[in-house]
Structure formats: C-alpha cells, structure tokens
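Protein chains in written order, with this note's numbering: chain A, 2 to 115; chain P, 276 to 389.
One or more hints might be untrue.
EDC-like, lysine to aspartate or glutamate: derived pairs with alpha carbons at most 16 Å apart [stated by the list, open to error]:
1. A:6 / P:319
2. A:6 / A:25
3. P:317 / A:85
4. A:39 / P:360
5. A:107 / P:346
None of these hints come from the bench; they were simulated from the model. For clarity, every value in this text was computed on a predicted model and none was experimentally measured.
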Amino acid sequence: DQQVKQNSPSLSVQEGRISILNCDYTNSMFDYFLWYKKYPAEGPTFLISISSIKDKNEDGRFTVFLNKSAKHLSLHIVPSQPGDSAVYFCAASAPGGGADGLTFGKGTHLIIQP
Amino acid sequence: EPEVTQTPSHQVTQMGQEVILRCVPISNHLYFYWYRQILGQKVEFLVSFYNNEISEKSEIFDDQFSVERPDGSNFTLKIRSTKLEDSAMYFCASRSAGPFNEQFFGPGTRLTVL
C-alpha cells in the first residue's frame with residue numbers, strides 16, 4: 002500500500018533548466034510534506050517542507066507546490082545545477098494527529114546533464 | 276552546524292546475534308526516530324520516541340526490536356536476534372519541538388546479517 006507515490010524513477014534535465022519532481026499521496030490525514038535529497042551511502046538531507054495550510058513554499062532555488070484537492074505536490078528546482086544530481090524523496094506525516102513518523106516515496110533519481 | 280551521528284558505519288553480524296546501533300541526535304532535539312532502507316527499496320519508518328517512551332511504531336518494529344535512551348545524548352536501536360532480512364541501512368533522525376519541524380537524519384549504519 003503506497004501512501005506516497007513517486008511515479009518517475011528517474012528524470013534527466015539539462016543544466017540551467019527547471020527540474021520538476023512530482024509526488025502523489027493517498028492518505029488524507031497527511032498534513033506535512035517534506036522533500037529530502039540523498040546521495041549514495043549518506044542519510045537523507047532535508048531540502049524543503051510545506052504544511053497543508055499552505056500551497057507554496059519557496060527557499061532559494063527550491064519551491065514546493067501543494068495541491069490538496071488533487072493530493073499532489075511537486076518540487077521545482079531552478080536553475081538546475083550539476084550538484085543537484087541525487088535521489089529525491091518525497092515524504093509525508095500527520096504530526097497534528099500524533100503520527101509524525103515519515104512515510105516516504107520510492108524516490109526519483111535526478112540527473113543534471115551539462 | 277549540528278548534525279546527527281551514528282555508529283558504527285557498518286556492522287556485520289551472524290544470524291541470531293544481537294546488535295545495538297547507536298545514534299547521537301542533535302543536542303536540543305526532543306523527538307527521535309529510527310528508519311531503515313533495504314537495498315533498492317524505500318526508506319521505511321520503524322519507531323518514534325519522545326519523553327523517554329515510544330510514541331509511534333510501525334508493523335516492522337516487532338518484539339525483536341527495542342529502543343532506549345540510556346543517557347542524555349545517546350539513542351539506541353537493539354535487534355535481539357537478527358535475521359537475514361534485517362540487512363539494511365538503518366537511519367536515525369531527530370527533530371526539535373513543535374508539530375511542523377523537519378527531521379534531520381544521520382548518515383546511517385549499514386547492517387549486514389550473514
């Protein structure tokens with residue numbers, strides 16, 4: 002039962018262009034969403050988050066959009082840089098309901114091409 | 276910048292043996308977590324810990340698993356009798372107080388059960 006889905010296992014983007022990573026969820030109790038970046042043999046690194054009371058959050062080159070009615074969120078990276086090449090995980094939790102263990106998607110491997 | 280640390284980085288054990296994985300969370304954090312990632316699969320939540328007790332656990336976290344905060348700095352995960360399928364990367368995470376605060380992950384311990 003995949004409560005958090007990342008349907009694109011990989012994505013290739015030209016350096017300087019926009020990278021858009023997508024994530025869908027099924028559990029309507031989720032009210033907090035996070036994006037993590039992960040390199041091989043390292044732990045996930047927090048990038049950006051959004052709570053369900055917002056529909057957009059921006060931090061530098063990273064913007065997360067949340068569409069609650071569609072149960073969909075996306076991460077935009079612009080401009081994309083070679084160092085952005087990594088696996089990106091979407092994660093969700095329901096901290097307001099006391100269940101704040103994160104449910105992760107399977108990840109999208111982003112490859113930035115020079 | 277404060278970070279979550281984990282030891283050892285790699286643990287090899289025989290099936291049926293007990294292992295203890297250790298974590299030092301970020302010092303002012305109050306919530307602690309263990310996750311695991313089996314090779315090629317997604318990161319899975321195991322357990323959360325707050326105020327010296329388990330606050331949430333997943334189906335994976337059965338009687339073979341236990342967690343402890345033996346002192347003011349360490350947070351441990353014990354597997355009493357390891358099985359082959361326990362082989363995975365184990366990540367510790369922590370976060371500060373408040374419902375919508377991101378979890379920070381350690382670099383992980385690679386557990387190999389032979």
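Against the structure, the hints come out as follows:
1. A:6 / P:319: Holds, at roughly 14 Å.
2. A:6 / A:25: With a Cα-Cα distance of about 5 Å, the restraint between residue 6 (chain A) and residue 25 (chain A) holds, given a limit of 16 Å.
3. P:317 / A:85: Judged against 16 Å, a Cα distance of about 20 Å means the pair is violated.
4. A:39 / P:360: Given that 16 Å is the threshold and the Cα spacing comes to 23 Å, the pair is violated.
5. A:107 / P:346: Cα-Cα ~35 Å, so violated.
Checked against the numbered hints given earlier, the structure breaks hints 3, 4 and 5 and satisfies all the rest.
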